[in-house]
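S.K.: Here is what each chain is made of, one letter per residue.
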Amino acid sequence: MSEAVRNVLKVENATMQFGGVVAVDNLNLEVNEGEIVSLIGPNGAGKTTAFNVITGVYAPSNGRVYFNGECIVENYPRGKMKKLYKGEHAGEYTHSIEPTPDRITQMGMARTFQNIRLWKSQTVLDNVLMAKHMRRTSNLFSATFRLNKKEEQRQHDEAMELLRVVGLENVKDELATSLPYGKQRRLEIARALATEPKLLLLDEPAAGMNPQETQELTQFIGEIRENFHMTVLLIEHHMDLVMDISDRIYVLDFGKLIASGVPAEIQNNARVIDAYLGVANDAEN
Amino acid sequence: MDAFLQNCLTGLSIGSIYALIAIGYTMVYGILRLINFAHGDIFMMAGYFMIICMTDLLIPWYLSIILVIAATVLLGVCIEKVAYKPLRSAPRMSVMISAIGVSYFLQNFATYLFSAQPKSYPTIGFLSKTVQIGNISTTLVTFVTPLLTVLLVIALVMLVKKTKIGMAMRAVSRDFETAQLMGIKINSVISFTFVIGCALAGIGSILYFIPRSSVYPLAGSLPGLKCFVAAVFGGIGSIPGALVGGFLIGLSETFIKSSAYSEFSDAFTFIILIVVLLCLPTGLFGEKIKEKV
Amino acid sequence: MLSKKTKKICTAAALVALAAVIVCVGQFTKSTSMLRTVFQLGAIYALLAVSMNLCNGFTGLFSLGQAGFMTLGAYTYAVLTIPSASRAGVYYLYGVAPWLEKLELPIPAALLAAGLVAALFAYLIGLPVLRLKSDYLAIATLGFAEVVRIVTASSPLNRVTNGSLGLTMIPGFKSYYGIFAVVIGCIAVIVLLINSTYGRAFKAIRDDEIAAEAMGINLSKHKQMSFVISSFFAAIGGALMAMYMGAISSTTFTIAVTYFILLIVVIGGMGSVTGSILSALLVIASREWWLRFLDQPLYFGTFRVPLLKTGFRMVIFSVILMVVVLFFRKGIMGEREFSWDAIYGFFKKLGSKKKTEVQAK
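Residue numbers (the working numbering), protein chains in the order written: chain A, 1 to 285; chain B, 1001 to 1293; chain C, 2001 to 2361.
Read the hints as simulated data drawn from the structure, not as lab findings. Hints are supplied without guarantee of correctness; some may be wrong.
[Claimed, not checked] Chain C is nowhere near these chain A residues, computed Cβ spacing over 10 angstroms in every case: (1) 44; (2) 71; (3) 92; (4) 135.
[Stated by the list, open to error] Label-pair distances were calculated between CB atoms; the ranges are: (5) 82/A x 1003/B: 43 to 51 angstroms; (6) 1278/B x 222/A: 24 to 32 angstroms; (7) 141/A x 2010/C: 27 to 35 angstroms; (8) 2034/C x 1118/B: 27 to 35 angstroms; (9) 1258/B x 95/A: 45 to 53 angstroms; (10) 222/A x 1089/B: 25 to 33 angstroms; (11) 2019/C x 1188/B: 55 to 63 angstroms; (12) 1178/B x 2357/C: 47 to 55 angstroms.
Note that the Cβ used here is the ideal one computed from N, Cα and C, for glycine as well.
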């Protein structure tokens, strides 16, 4: 007996062009429920741009993004882009759906950033609490006049729980910037989880971590999948983390998808080795 | 028809003065990304410098003009060194607040030195002479102003395009950090920008206050704002843009002042500002600066 | 850390002390005393500073439109409260507009109306303008404030605003404590807002708006909220000013007033309510009282101290402001608020320092 695998994220023919530069070229990728999928590629391959398209920071020049089966982003070449568009599938889409990033987070997608973007003047606890704001049921009046005490308490408890999960509950009143780098990354993940997402996008979560920390992070991401029933899409350069934890991998090079499959396939893919893995292995040695 | 031409001439004249001051705003913004709120008040101080030179010290007009320009330049460069340079690495809001602080200081300083009552501005005999062109009669200064301004702007554009220092200025306004790394003496470039901006403001103040005959401490506040509108309209960072912006603001102001809606002339100028910022943020000749996320 | 109970007792004690001071000044000083002036004007500027801090300091929106909203608030209040009997006298030149002749509201209602009118304009201007980058937002709001000033005094509105003559005979609270009650109430609401989940959202927008948006905070809606609420309270501040001065005109709230409030906020610390309140009181006390001597000629025997004449006070004041802006950018409080823990900790440190000094001896 096999259960139908639910598709959480589907990126269809997404192309992102800045002026004449094609940053993402006709990307197709899928993430199913409960999977951990990695997006890898050399620097400048377009991975963060892909994230930005998926989360609504950029509207794609062409293509669609589906979330839980529903089309949440769509665009086609128009205005100035009409003349400049170099990609494929140019005539296929006719609507323009351009939600702002907060709308997409509301739908259940949360992300972290390549360069940590914590709220610097706030404490560890406040950073997580602030991310709870979007799930409020109170309005301006009831929040100001403290008619929402129950909800405030509940959100506070949920935030503390998340801090416990990432091991930061003892530093909850410290300033976010006073934490060491690795802990700041954990805090960013806790913050993203505070928005109660169904899909978590992690942009280079292991950047700047030593092997020990990377190992802990690998374990941690696995735990998140288990305990939060989370689906994860991550961008990473640390190959041990990627190969260890990914169910599937997509490889980008110069904006184009050059390979996709399970880790074993990717490791032996000549094109990938050519473009990327060879260079990365040298750097890690 | 005569009234129309008369308004055109007056409009171009006042517009040229706005242009001269707008250039100061646009150059400083291009290089430092700073709205120099104090620029209008520097213009006001220049007016007082002239009064000191000619009325108090009885220096003849041809020397006074040079002294006034020199004093204005000195004032501007001092302000840059004292109030803006220390904050170069600070967040943008801090420098803007500093500029506001300088503006506030200059207004209070002028009130202290010269009292809040308007002081009368000296006349330069021959400039106030009436001149007849066809059916229009106007003062010589009104007629000379646009011509002088255009000449100055052409000279300035030549300087920016053809000289080494001009190239340095363009480099700094494109990319501040890289220009520093390439060995350009940032402090000299910035000082030079202020020198030019304040020199033009000094010339502008002479042309402005002669027909008005009096200066008071807040005299630079409103014109300063209007000149900033002109700079934005023409495209912040563009010198020819500041000239065109100045002319357009001057003309619109003059025509509205001569109509039934004269009391709204300043309000209209600010509405232009808001509309331009919303619809055409780079102004008429400005460049689009792409911001990377 | 002090216990919650201790903190609550301390806060209650402090509020009682503050109330006692205000009452003492009210009971035991003449109505023309400098102390009264300082307290009342200081309270009004405290509200103005806190309302500006909400928008500029806590949300990071650099708005310079304060004077415009103050004008709207002051005029709305004045127009609705000048006693109908006196109106013919005030509007002697243009006459009163017919719909306005009998329209008179009690003071609290008029204050509320003042806030709401400004809030409406803030909403309308905010929709397009809040998208702009910080320096352009500053200039756009400045321009808006000037438009408000000019239109308020313009001839089509002569029968409502009395044009360039301005309005006089503006009534105020019968009790000396009225202004304080309004100011304390308004500041309390702003503090509640800042400490609520919405206040956290504002600070998130200030610190990193891209991250805020990614964490589900709708930028335009929250920026609007902050801007409109800030303008609401700025307008009430303007109305209180009209009440205090008894007369206003379109030149009452110039750009210089906005600059003055901004500088108060900067001195107190952008992002600190306590700082704004302290700074307002200090600045007003300095300007109206302590530094007044700088405006009078001062003689030592027959030797006249140079420089001291009318206007010197404001020059020194401007210099102090520049010093703070250049060397003490964080202001008095930075982004910190008043906390009993901090005071306790401070005295503890002092105590232990003294102890080690004694021991060393």
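S.K.: Indicate, hint by hint, whether the structure satisfies it.
M.R.: Hint check:
1. 44: Given a closest Cβ separation of 20 angstroms, the condition holds.
2. 71: Residue 71/A clear of chain C: closest Cβ-Cβ about 20 angstroms, beyond 10 angstroms.
3. 92: With a cut-off of 10 angstroms, residue 92/A remains clear of chain C, as the shortest Cβ separation is near 29 angstroms.
4. 135: violated (8 angstroms)
5. 82/A x 1003/B: 43 to 51 angstroms: holds (48 angstroms)
6. 1278/B x 222/A: 24 to 32 angstroms: violated (50 angstroms)
7. 141/A x 2010/C: 27 to 35 angstroms: Holds: the Cβ-Cβ distance is about 30 angstroms, inside 27 to 35 angstroms.
8. 2034/C x 1118/B: 27 to 35 angstroms: At 31 angstroms between Cβs, range holds.
9. 1258/B x 95/A: 45 to 53 angstroms: Once the Cβ atoms are compared, 52 angstroms apart, the range 45 to 53 angstroms for residue 95/A and residue 1258/B holds.
10. 222/A x 1089/B: 25 to 33 angstroms: At 43 angstroms between Cβs, range violated.
11. 2019/C x 1188/B: 55 to 63 angstroms: holds (59 angstroms)
12. 1178/B x 2357/C: 47 to 55 angstroms: Cβ of residue 1178/B to Cβ of residue 2357/C: about 54 angstroms, so the range 47 to 55 angstroms holds.
Figure legend: structure checked against the earlier numbered hints; hints not met, in rising order: 4, 6 and 10.
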